[in-house]
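First to last, the protein sequences are chains A and B. Counting along the first sequence from 1, when you hit position 477 you're at 477 in the working numbering, and nothing is skipped either side. Counting along the second sequence from 1, when you hit position 246 you're at 246 in the working numbering, and nothing is skipped either side.
Hint data in this document are derived by calculation from the structure and do not stem from the laboratory. Each residue gets a CB set at the ideal place from its N, CA and C atoms; glycine is no exception. Among the clues, some could well be false.
Claimed, not checked - Partial pick of chain B residues on the chain A-facing surface, computed with a CB cut under 10 Å:
#: 1; residue: Thr27
#: 2; residue: Asn34
#: 3; residue: Tyr49
#: 4; residue: Ala51
There are 2 protein chains.
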Amino acid sequence: MNPQQAYDELVQRSQEIFTIHSIESLTSWDQQVNMPPKGVTHRARMMAYLAQLGHQKSTDPRIGELLAAAEGATWPIGQAANLREWRRDYDQATRLPEALVTHRAGLITRANAIWQAARASSDFRAFAPILGEIVALCRDEADCLGWQAERYDALLDRFEPDLTTAQCDAWFAELRGAVAPLLQRIVASPLQPDKNLFRGATFPRNRQQALGRAVTAALGFDYQAGRLDASTHPFTTGPCSQDVRLTTRYNAKDPFQALMGTIHEAGHGMYGQGVRLEHEGAPLGRSASLGLHESQSRFFENNIGRSRPFWAYWFPRFKKTFGRAVHHVDSEAFYRLLNKVEPTFIRVEADEVTYNLHIMVRFEIERDLMRDDLAVADLPAVWNARYQEYLGITPPTDRDGVLQDIHWSWGLLGYFPTYSLGTVYAAQLEAALRRATPDLDAQMAAGEFGAALAWMREQIHQPGMTYRPAELIEHATGQRPAAADYIAYLTGRYTELYGDQ
Amino acid sequence: MNPQQAYDELVQRSQEIFTIHSIESLTSWDQQVNMPPKGVTHRARMMAYLAQLGHQKSTDPRIGELLAAAEGATWPIGQAANLREWRRDYDQATRLPEALVTHRAGLITRANAIWQAARASSDFRAFAPILGEIVALCRDEADCLGWQAERYDALLDRFEPDLTTAQCDAWFAELRGAVAPLLQRIVASPLQPDKNLFRGATFPRNRQQALGRAVTAALGFDYQAGRLDASTHPFTTGPCSQDVRLTTRYNAKDPFQALMGTIHEAGHGMYGQGVRLEHEGAPLGRSASLGLHESQSRFFENNIGRSRPFWAYWFPRFKKTFGRAVHHVDSEAFYRLLNKVEPTFIRVEADEVTYNLHIMVRFEIERDLMRDDLAVADLPAVWNARYQEYLGITPPTDRDGVLQDIHWSWGLLGYFPTYSLGTVYAAQLEAALRRATPDLDAQMAAGEFGAALAWMREQIHQPGMTYRPAELIEHATGQRPAAADYIAYLTGRYTELYGDQ
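Sequences are here, hints too, so could you generate the full structure?
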């Protein structure tokens, strides 16, 4: 078999697997947005069938033969990237024995149900035994996948290629060194926002939705190639780049929850819409990593969507949308409330400044579990101690603490750090974008929002998986991933708001 | 291989094929209800992939071996029915050569696009060449499938097992003999409804939807196992009996369109929800035929939903729902308008009395095309002549005539007669139901609607494919399918409304 033929067949097989994943995405989206309650039993069969089909196709020994035949040749950068990623996919899929894959599927279904009940009754001991099984499973998986410096590296690499524990340790230390004193200054500052600004006001859902659509359309989300719906847990998915689906949740008392959530998801969605159509179905038409994906959602939500020039344009529209309910609100009080900082227990409700402290707790726990330095039974105590140390508060219950996140029940150890990476990448990208577009703020204040997406399209979306994540960041910003821009960004925005005393 | 093992593996394979069809149904529903416009290209790939996968699984030679092994034994009625239908499915799927199946897929995609353009410009000559290809395809398919008396029988049998041209000829002659004079009396009657009853009124969509949900929930559609959405062309589908999806379309000026459409689709939907869960995935858990399916939608829409006792209960709710807009409407004027009879050009807008005349035109044309007694080029002339003869009107354009239906562009010759069969079955079933439930009208007038569905569940839904369609009707009503009950029903209702002069 000549290398070109092998490559062409790999493209074809990659597109078939992509099509199966498309159908899976749609089926899962429907389950969360539309499915009537009784549909759940058969839906599980549909999902299991698609997962099994995808796994079969991904581990077909023919792919191994094709890779071996194609890898012998020298390829231009794009094809070489496809081959590199196909190899990675194939090795990851085939290194895990069938028995382990089946074991995982059953385990996380049970674990998720147990976690839901345990969280509802705030009873960590009910969750601990099966969490122990999940930790053991992840340990086995890491050993099958292989690692060099330490076991947790294998889990990190699944979600963010090349990311290591050592890197995370260094970054989180640097972040903590900057964020801890910033947070102390904020908490002690007399310049606190008026938390009762919206007291008594009601924000009708259809108006919230119209505003969310208008804002995200202006940022560049293409509603001819996507939709916005409501769901309990906001997320973004979709069968292809031309059909990307955002969901959000509405709170009639708090207009920020849906709006900022919609912008966040639209950041993911614009990345999804931004790949080159001719590469769809191959790695060149995929996003580079979870961290990069989160960089796009965080960038549009926070770096853009919580900035003064952005609201210089949108605040009048906000007032007009909600009319009498916000008649008394002025732009400065609005902006300060939007950027309120306050240590809280729940990660998904955290502000920008405290967010990475929440992640740090989870990272350290996962790392120590994989090092066998921590027993599952000790998790609540360790969790609460770290929250006290990093955020100055102790969760009153495990429900507000160690039981709050769904991730561990799904066996997703190694995932949390990509959230923090997203914030770091976002700030680095913003700094580079501003070097390329010095009048960005003036454009936004004038209602022109195209520049940010245009730059991201070229630098981040269209390359797909041409580069590994760290290379892509270097390619786009001139620097390897580093926390400096993020620290400067955070310190700048919140010192302006809360003062520097 | 022993027969029981073979049977068990057939059950398993049947469930796998059912799961693929579930995923197909959901993907198709989403395309018509949710998909953003740009999603269409990749959606076609997803649908094609699922169709190909389903076809592969349905024609696996292993099924032939298993059938041969199982058919040697004697089976109880249920298992025998499963084997009979698996055999039918397998033979139908494998008798059509792969090349013909592929040819059909490409042909109908092109034909549908050409038909849409031809209908828009009312240009039959633009559609004629590809319609000729479709007629040729159907002829080839009929010959592959096999037939005895005449070719068109093979097409009828695809949609309604055992239905023959000779039977249709006899029924349609009998129907026409009764309906033609009835229609003449109606058209000439001085007792015409007030067509301007709703002039100037507006019917808000959310209220129409709430009323449609309330009515169909009262009839027995389970919204915990289904949904109601809007789409351009109303239909019912869904991945399984516990997730059945109705769609309807709303007209702000005409409250009957959505309401009666919703009841019609709920009739289909309740059949879908009514199979025995333990048989789902096998023929015993499937509806018996398209004609039987249509009997359920027609029964709830017309026999029940256009009856006086039904509206004795619902009319006050209708008035309350739309308030001032219908303040002046009394129940008699309402009921007469709901049952207005008037020859019109468009089948999907036809009333009960003229409906089967529309079908008759299509049946005769399809039959004559398969007999080579009619050339495609002559269709508009023949169509218009038959409309003049049967309905007393001549379509002013082909758009209002021979180009109005989508079916031929999809290659669905042999399908239309199942619509008429549905009306005939519905009347026969109503007569039997009334024998079993003499106080049906009193129950409905008192707001109790459970009896009709309970009877259909037992007689029609739960048997699944235990019996062939004609046997099932006989089992439920004591008589083979016959037009007498339908003629009596139609004559009774419309003579009461329009008088007998």
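Going through the hints against the structure:
no.	hint	result
1	Thr27	6 Å, holds
2	Asn34	7 Å, holds
3	Tyr49	5 Å, holds
4	Ala51	12 Å, violated
Hint compliance for this structure: hint 4 alone is broken.
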